[in-house]
Amino acid sequence: MIGESMYQELILEHYKHPQGRGLREPYDAEVHHVNPTCGDEITLRVKVGDAGKVLDVSYEGQGCSISQAAASVLHELATGSTVEETLAVVDEFTRLMQGRGQVEPDEDVLGDAVAFAGVAKFPARVKCALLSWMAYKDAVVRSAE
Amino acid sequence: MTSISFDVEKIRKDFPVFSRELPDGRPLVYLDSGNSSQKPNQVIETMREHLALHYSNVGRAMHVLGAESTDAYENARDKIAGFVGAPSRDEVIFTKNASEALNLVAYSFGNPANTDPRFTLGPGDEIVISEMEHHSNIVPWQLLVQRTGATLKWFGVTDDGRLDYTPGLITERTKIVSIAHQSNVLGTVNPVAEVARRAHEVGALVMLDASQSVPHHPVDVTGLGADFVAFTGHKMVGPSGIGVLWGRAELLEAMPPFLGGGEMIEAVWMDRSTYAPVPHKFEAGTPPIVEAIGLGAAVDYLTEVGMEAIEAHERSLTAYALDALRDLPGLRIIGPDSLEQRGGTVSFTIEGIHPHDVGQILDDRFGVAVRVGHHCARPLHLRFGIPATTRASFYLYNTTGEIDALVRGLHHVQKVFA
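These protein sequence lines map, in sequence, to chains X and R. Per our numbering, residue -9 is the first one in the first sequence, and the count goes up by one each step. Per our numbering, residue 1456 is the first one in the second sequence, and the count goes up by one each step.
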């Protein structure tokens, strides 16, 4: 029964109907991240505009519902925000995921990403949730170079 | 006949793990023996008793405990030799696992310390493996190719999960053919005797990764026609940390040591050494003593139940599982769909649902333990154009009721993702 709390309706929705999926032009940086333990992978592009505004996060990947839904939620949260704002969300999401289920998530910062709170209780799946978010962080750093 | 003599409920009582429950009162449905098997009391008690009352180092201590430990350790070698029909006990080498056994043999090729022509290897020479191999029967050969400039070739796999055996791939240039006896993903049992015949015609040696066959079928190493056979203890109701390399004595004698250290020597000077005869030449350092003894107890246990009976039981479980799984919509079996030349490992995909999600829900809701992922056989998954599979693997203690639980779980998984 524990596991089903991991599969929140919102996660399943994003898995079945991923938002912003597909690689698009133009972009400032493209990264490819893999999870060698399970073979999940993602190619992710970011396009940053004036005043540090994230114009697009596009991605293509394969993997389990958690990794794919996390990428979809990331796309929704990041697009239209500033890089600075999104990195704060990434940090809070990382803190939640690495908290072994003991961390109280900050819903104001996380928005829909709070649906992944249940994943933190499953150490083997934390990397699935973080895959696209770590790729995003990497891409943002590279886009500034 | 088997169904009468084979009492699975009695067997389950030998395995303490089946008396426990998982958190939230879920029953344990263990369908992951291809990954690692559970242990019976007979193995656990033998190991406990040795640690408690007889433990000392082997082969060197001049006292009662040393003698008892050495006797028990060497006695385990006798048992294992008997279990796989080795012509001589000295042909049984204890390793850490099957991977080490495969690496040991790979290390003997193209090694300047080995001038035997059967083991020389360089540019122009070829090694033949297959696309269905576990990484442990791929990577050691890739490393060997990098060291020597030899060429790695492989048999493909057919759409129905059989070895695409083309005898012409084995040529005068082939020095060794190394393939799985039974695939850890497909369950396919390969025509190893036929492959060995062809390899020997051209003077090549033959190695078998028997990690998935020795635990489940009566295996006679001489009958297989191979020169080397690797298998591991933890998949055959024994402990982890102990594996076996069987090799033909005259080949083992021709091979250089793999690891240097204590116990593997005859005499040591500051500038050179001479080596102990086989098998000890390949057993440097203090070995996994209690693990070897535990593996001896494991083969005693399996022998008492009877390998033919175990094989027949798994066969009926596999038939039952294949029938039940066929009825699930969107389920695709990766591997042979029939019982012919196939063991009790069934891998599959379910349309639109990633195996990690399948495994998670099976475990969390139903206590069904399966393996999900590429099962250390990534090239095979690439061959089928899939990133991962869900794998159920059966052993002597499994029941048709557990397969029913798997199927119920899979129906629920499909409901969650519908």
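Treat the hints as calculated values from the structure; they're not laboratory data. Hints are not guaranteed to be accurate.
[As the list claims (entries may be wrong)] For the chain X half of the interface with chain R, some residues (derived, Cβ under 8 angstroms), not all of them:
id : residue
1  : Y17
2  : G29
3  : C118
Fair warning: this is a prediction, and the values are worked out from it, not measured in the lab. Yeah, the Cβ is synthetic: ideal placement off N, Cα and C, and Gly gets one too.
Comparing the hints with the structure gives:
The beta carbon of X:Y17 is not positioned within 8 angstroms of any beta carbon in chain R (closest approach about 25 angstroms), and the interface hint is therefore violated. Taken as an interface hint, X:G29 checks out: its beta carbon lies about 5 angstroms from the nearest beta carbon of chain R, inside 8 angstroms. With its C-beta approaching chain R no nearer than about 7 angstroms, X:C118 sits inside the 8 angstroms limit, and its interface hint holds.
Violated hint for the displayed structure: number 1, the only one.
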